[in-house]
Amino acid sequence: MNGEMRIAVVVLAAGSGSRFGHSTNKVWLPLSGRRIISRSLANAVKSFPKSRNILVISPSDAILAKEVLRRESRHIKVETVMGGASRHESEYNALMHLAPSIQSGKINVVMIHDGARPLATSILFHDIAMAAHHHGGALPAIVVDPLEIDIQEPREIVRVQTPQAFRAKELLEAYTKAQVDGFVGTDTAACMEEYFPKVHTIAVTGEVTNVKITYPQDLVIAEHVLEKRGYKE
Amino acid sequence: MNEEVTAELHCSHCDHETIHTLVYAGRLLVSTTCQTCNSQVKHEAIDLRLHYLKDLEHRIATKPRRLWRRFWSAPFSIMISFPKKFMSQPKKIWSEIKAILGR
Numbered sequence: 001m002n003g004e005m006r007i008a009v010v011v012l013a014a015g016s017g018s019r020f021g022h023s024t025n026k027v028w029l030p031l032s033g034r035r036i037i038s039r040s041l042a043n044a045v046k047s048f049p050k051s052r053n054i055l056v057i058s059p060s061d062a063i064l065a066k067e068v069l070r071r072e073s074r075h076i077k078v079e080t081v082m083g084g085a086s087r088h089e090s091e092y093n094a095l096m097h098l099a100p101s102i103q104s105g106k107i108n109v110v111m112i113h114d115g116a117r118p119l120a121t122s123i124l125f126h127d128i129a130m131a132a133h134h135h136g137g138a139l140p141a142i143v144v145d146p147l148e149i150d151i152q153e154p155r156e157i158v159r160v161q162t163p164q165a166f167r168a169k170e171l172l173e174a175y176t177k178a179q180v181d182g183f184v185g186t187d188t189a190a191c192m193e194e195y196f197p198k199v200h201t202i203a204v205t206g207e208v209t210n211v212k213i214t215y216p217q218d219l220v221i222a223e224h225v226l227e228k229r230g231y232k233e
Numbered sequence: 001m002n003e004e005v006t007a008e009l010h011c012s013h014c015d016h017e018t019i020h021t022l023v024y025a026g027r028l029l030v031s032t033t034c035q036t037c038n039s040q041v042k043h044e045a046i047d048l049r050l051h052y053l054k055d056l057e058h059r060i061a062t063k064p065r066r067l068w069r070r071f072w073s074a075p076f077s078i079m080i081s082f083p084k085k086f087m088s089q090p091k092k093i094w095s096e097i098k099a100i101l102g103r
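Line by line, the protein sequences are chains A and Z.
Following our numbering, the numbering of the first sequence begins with 1 at its first residue and continues without gaps.
Following our numbering, the numbering of the second sequence begins with 1 at its first residue and continues without gaps.
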């Protein structure tokens, strides 16, 4: 145990930008009456009444973000940060924004979540944050059925999801070093593993319904899951 | 009202991210079409109708609460826009039903 948890929640919504011009970044799509990002944000902060909440957006979405936050997330205090060309760069920008608070100890845990995962429940966010606070790091993982993938080696494979959380000082240091070295991780855990391999990262059981909206079918599945939940989370 | 939105999603046929056209009826997604290969993902017709009815019921049940919340956040703008929005509701619902039935 490391005293009181003071958490910052970072939700990534910068995506890959509009490579195709006028099309919408998928996190801003409607999903059962609310934008995907509004659902992700609401679930992410539900368990943390005192958290600092950061939404990382693409500069081209700034006006849309302001309108959506005003309309759908009015009750959440959100700071917006401009994202970069990659997920790693967006995470770096968010951490730089939080750096003074991390260095002064006002924030001791940072949780990073992919805005395109609107179905992760507040229980999962809570469990990940607590595990990171106690052990150093935590991420949700689902064991993959070996029949799903063609693997020769008889070893256990897991599918990693978000939210991922780590102790703030180590995370900030990892991303600062990565910036100097030009290292680009595929996710938050990859960067921590590169620079702090000894930080104990706990795998918390993920949620099968915590789908990342990638394919058109995912939107249909997400609508069904939300209907079953009574549109509550 | 039927709403068409374009967004980048991964197309299973093209096997990369392409622009898709998404058609919504009210809060429900009716179909998505890849603009590159025209492959389409739709709700099953019966399933969509049942889903739409349930959703409509939920929208009607929660409308007073949503309206109240919006009224307190921006009373002036809601008072101005309310009559027009109220009058357009039958047309909007009819348009959604047409999209659900005529797909």
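Any given hint might turn out to be false.
In silico PhoX-like pairs for lysine-lysine, Cα to Cα no more than 20 Å straight-line [to be verified]:
1) Z:54 - A:228
2) A:169 - A:106
3) Z:98 - Z:54
4) A:198 - A:212
5) Z:54 - Z:42
6) Z:98 - A:212
If you are wondering where the hints come from, they were derived from the structure by calculation, not from laboratory data.
If you draw a straight line from the CA of residue 169 of chain A to the CA of residue 106 of chain A, is it 20 Å or shorter?
11 Å, holds
Restraint check for residue 98 of chain Z with residue 212 of chain A, where alpha carbons must lie at most 20 Å apart:
31 Å, violated
20 Å limit on alpha-carbon distance, applied to hinted pair residue 54 of chain Z and residue 42 of chain Z:
Within the cut-off at roughly 18 Å; holds.
Given the hint that residue 54 of chain Z pairs with residue 228 of chain A, test it: the Cα-Cα distance must not exceed 20 Å.
Holds, at about 11 Å.
Distance restraint between residue 98 of chain Z and residue 54 of chain Z, which requires alpha-carbon spacing of 20 Å or less:
17 Å, holds
Starting from residue 198 of chain A, check that the Cα of residue 212 of chain A is at most 20 Å away, please.
29 Å, violated
Violated hints, in rising order: 4, 6; the structure is consistent with all others.
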